[in-house]
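Dock chains B and C against the given chain A, drawing on the hints supplied.
Letter by letter, the chains look like this.
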Amino acid sequence: MPETLNKASAGAAESPAVAPVPVAAEKPRSLWSDAWRDLRRNPVFVISAILIVFLIVVAAFPGLFTSVDPDHADLGKHYLGVPQYSHVFQEDWFGYDVQGRSIFARVLFGARASIIVGVCVTLVVTILGGLVGMLAGYFGGWFDSLLSRLTDVFFGIPLLLGAIVVLNAFTHRSVWTVVLALGVLGWTQLARVMRGSVLTVKQADYVQAAKALGAGTGRIMLRHILPNAIAPVIVVATIALGGYIAAEATLSFLGIGLPPSTVSWGNDISSGQTVIRTAPHVLFFPSAMLSITVLAFIMLGDAVRDALDPKLR
Amino acid sequence: MTIIEESATVPAPRSGDDKGGPLLEVRDLHVEFHTRDGVAKAVNGVNYSVNAGETLAVLGESGSGKSVTAQAIMGILDMPPGKIPQGEILFRGQDMLKMSAEERRAIRGRKIAMIFQDALSALNPVLSVGYQLGEMFRVHQGLSKKDAKAKAIELMDRVKIPAAAARVTDYPHQFSGGMRQRIMIAMALALEPDLIIADEPTTALDVTVQAQVMDLLAELQSEFNMGLILITHDLGVVADVADKIAVMYAGRIVEQAPVHEIYKRPAHPYTKGLLESIPRLDHKGQELFAIKGLPPNLMKIPSGCAFNPRCTMAQDVCRTDVPVLHQVTEQDGTDLVGRGSACHFWKETIHG
Amino acid sequence: MAELDKKDEAVDATPNVTDIVKVDASTTTEVEAILDAPVDRGEPILQVRNLVKHFPLTSGILFRRQVGAVKAVDGVSFDLYQGETLGIVGESGCGKSTVARLLMTLERATAGEVFYKGQDITKLSGRALKAVRRNIQMVFQDPYTSLNPRMTVGDIIGEPFEIHPEVAPKGDRRRKVQELLDVVGLNPEYINRYPHQFSGGQRQRIGIARGLALNPEIIICDEPVSALDVSVQAQVINLMEKLQNEFNLSYVFIAHDLSIVRHISDRVGVMYLGKMAEIGTDEQIYEHPTHPYTQALLSAVPVPDPDAREHRERIILTGDVPSPANPPSGCRFRTRCWKAEDRCSTEVPLLAIPERFQGLDSPVAHESACHFAEEKDVVGAA
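Residue numbers (this note's numbering), protein chains in the order written: chain A, 1 to 313; chain B, 1 to 352; chain C, 1 to 382.
Note that these hints are calculated values from the structure, not bench results. Hints may contain errors.
[To be verified] For lysine-lysine, the following BS3-like pairs were computed, each having C-alpha atoms within a straight-line distance of at most 30 Å: (1) A:Lys211 / C:Lys339; (2) A:Lys202 / C:Lys123; (3) B:Lys160 / C:Lys339; (4) C:Lys170 / A:Lys211; (5) C:Lys130 / A:Lys202; (6) A:Lys211 / C:Lys242.
[As the list claims (entries may be wrong)] From the derived model, a few chain C residues whose C-beta atoms are all more than 12 Å from chain B: (7) His164; (8) Pro188; (9) His371.
[Stated by the list, open to error] A partial selection of chain C residues facing chain A, derived with a Cβ cut-off under 8 Å: (10) Met104; (11) Met138; (12) Ser146; (13) Arg150.
Please read these numbers as outputs of a predicted model, since none were measured by experiment. Glycine residues also receive a C-beta, built at the ideal position from the N, C-alpha and C atoms.
Pulled out of the complex, with its shape left as it was, chain A reads as follows:
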């Protein structure tokens, strides 16, 4: 869009500056409210948001959708396939696994582990990475060099390989050990994004103006830099969330993620892969749910990125 036009719309048509004109009844707009307006009209956002809300409800209250215990085994139903007639939302809708457990129930209950891992890892990496990136970017100098090198060291460790090593150190594994392993290794990406963002914002005149007023470090960081630097971090974090869910599934598949007793998509995919030819439905349903969930989060991240980047408008 040409520069002239931008300026014109920025002008917002106030009448002569000196004349006290009644303020127009327009609502104050900010980057966030603009982004929200954009998002509401974006079908990609609407679809992914509905999916995610649904998944969160499933994760929180799987009992609402099925009354079957996912651990209830009936060997008589061993590898029983998908029924030929309509059994929507019934226990045998997706068939049964090796121990005759309802795959439908397991898929619903498995959502909890995946969502918890995804959300918690994202929170951990955003806070940890954001903090490191902020401090490195703001203070610069040797402090930045030190933190950046540290980030590089962690960045060099492949997420999964590193997680395998960390998780092997635990004898007793749970959802939280997986969160810890992924969080400790995943923050580097966020730290880099945050640092770059802070470096840009730090140069802005309004930060200099605050310094010239005598504002302290805390005020400058929290009021001036953080609100202006956080947008790209949110975008990357949303996209990464999908990746963490996939990583959890991969670790569980490899047998070092969640303990086999935990109901999770990763564990079920792991046990399903051995019978892919004789009973493909055992593998198919948890995999499909995993794909849909990861896709939903990545789509959400994409939509948020587009909305927060005014240049793409």
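For chains B and C alone, kept in the frame of chain A given last:
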């Protein structure tokens, strides 16, 4: 009082044929931008013309539509969101808006070239300037790499870049701002176009360098007998180089005049206000004259004359009727050649 | 002791001048003394002495070592008096913006002093620095980046009160902010709006209101109108002059637009490549420039008068400003100067009243850092 009908191009004679007519003629050009907040009317019926060897200065503030008009002429307008609902852009009598993309491409760069304000972002940072200059010859004239390089050095010599042969392999960032602007000029000149559009060519430069670049541009223009459209907001630069001036406000031409006339006797209150707001020696210590208010929002252009909310002379008629570009005359009624003013009270402004 | 020194310097305003000049200055007539540094102005409010800022150039990734320095500001001295406007002009890269940042202590000076009421602010930190900042404020060039887009106008103008709560009690702040909006000519009801809802000129007014909030004595203006439309520039300049009279402010007005600087300034300093080339009253600089750079600069300014273009003598300088990382020896202007001789490459010209003009009761007798200073009639910016 002569009123010139709105559709007519003022004061330049209308002419559609190939010979004798103006090099470029813009007729009743409109440009709109469709954004999610509404339609911004950036250009609302612009008429102007340039002859070979002539310099037309288009003067205006940000949002006046001066750059958008130039982009429409070059065919580099982003469409969408831009849209040209009506108007004609005649290059040697042919309407470029009706041409095929292929035909337009043949004109762009070869017949009409453009110089941008920001030379650093207009040049590709990863290619040497010699390569970028030579590219014009390789693509348009099919020269070999070696010949193209020789041509590039020749061009750099022509725009007075010292040690051209040695610097031809340098990259844009290795040149200073003034030198980069020279390279931009060299690129525009490469195919010896008939018309150059310079969009704020010296705004980013320092005054001492600005003088060098403007001199160079003027010299090359007379050497090649090119038409030049100089888009600027600087009244000083205009006075130095222009032959005639078109003052734009809110997407319209509000005043048109030969350069010597307009500074002495502006015929539009906006032009008058701009000239009066320049700090003058004899006004030191006093308040500067300031045009009150702000340039209009292009989504909500005031009715009637767009300048009326800021104008000291505004009457009721200014709020209702859009003024056409009136032929400006002497007090005794003789036409002032080439002068037009889109003000209901042009007589009072110029003679009052 | 420092006190005494300063008083001395205040009179002749040339701290880096040789002893001979000082002797001369004391023996000259009273008329010249007035010309030199008006007595009625009293003590300068700000004294800048040999200010230096070098930005180190480093190389190496893990172990940075210094390979050179960009000499952005290299020995600049001037005084600023209560209620006056000192204009500083120069081309990009001459160090004028760095001077602004040094005066604001946004950058630490490499050497030299800035005395505010006798206190060297370049050495201050913490509480003492915060206290000084109340009195020296700044207006920035770009109204689009100098206001935090996430804060409302009320928050932006009210922030100074949050940082310095002693200036305004909490309950009083909203009213104060609205008063400030009114003072700069904006509707006080705009208090809840965001910066992007305003035009450039209005944003600059908001920036000025923020600068005024703490009742400062000095405002450093770094190109305050160059980003604005021509028709709006005059409004902002008028506002700044009005505020100066109302609050007895002192301005350091940094700009590249020579005609605006002339309009607003009482005295003008011309900078070139980190050094002050010439300094004097506006009349001395614009009507009687003696430094070749000032002459070239003035002659290059396009004059909004088409009749002048035929019979105006213009000095077109060749080449570009050399890099401040590697400035020419001797006089920094010599590489582009038509008067340069051998002496210019070996001997740095000092900023002083040229010997030949000393004792003259004429506006040419002002400080100019040139070995061959002479008056040349150039068409000044109208």
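Hints, one by one, checked against the model:
Between lysine 211 of chain A and lysine 339 of chain C, the direct Cα distance comes to roughly 44 Å. Violation of the 30 Å bound is thereby established for this hinted pair. Distance check on the hinted pair: lysine 202 of chain A and lysine 123 of chain C sit about 24 Å apart at the alpha-carbon level, within 30 Å; holds. Taken as a hint, the lysine 160 of chain B and lysine 339 of chain C pair is honoured in the structure, with Cα atoms around 23 Å apart against an allowance of 30 Å. Straight-line distance between C-alpha atoms of lysine 170 of chain C and lysine 211 of chain A comes to about 21 Å, which keeps the hinted pair within the 30 Å bound.
Straight-line distance between C-alpha atoms of lysine 130 of chain C and lysine 202 of chain A comes to about 20 Å, which keeps the hinted pair within the 30 Å bound. Between lysine 211 of chain A and lysine 242 of chain C the CA atoms are separated by roughly 27 Å; this keeps the pair inside 30 Å, and the hint holds. Listed as outside the interface, histidine 164 of chain C is consistent with that label: its C-beta sits roughly 32 Å from the nearest C-beta of chain B, beyond the 12 Å cut-off. Even its closest Cβ contact with chain B, about 18 Å, leaves proline 188 of chain C beyond 12 Å, as expected for a residue assigned away from the interface.
The beta carbon of histidine 371 of chain C is kept farther than 12 Å from every beta carbon of chain B, the shortest such distance being approximately 21 Å. About 5 Å separates the beta-carbon of methionine 104 of chain C from the nearest beta-carbon of chain A, less than 8 Å, and the hint is met. The interface hint given for methionine 138 of chain C is met, as the beta carbon of that residue sits about 5 Å from the closest beta carbon of chain A, less than 8 Å. Interface hint status for serine 146 of chain C: upheld, as the beta-carbon distance to the closest one in chain A is roughly 4 Å, under 8 Å.
The restraint placing arginine 150 of chain C at the interface with chain A holds, with a minimum CB-CB distance near 4 Å, inside the 8 Å limit.
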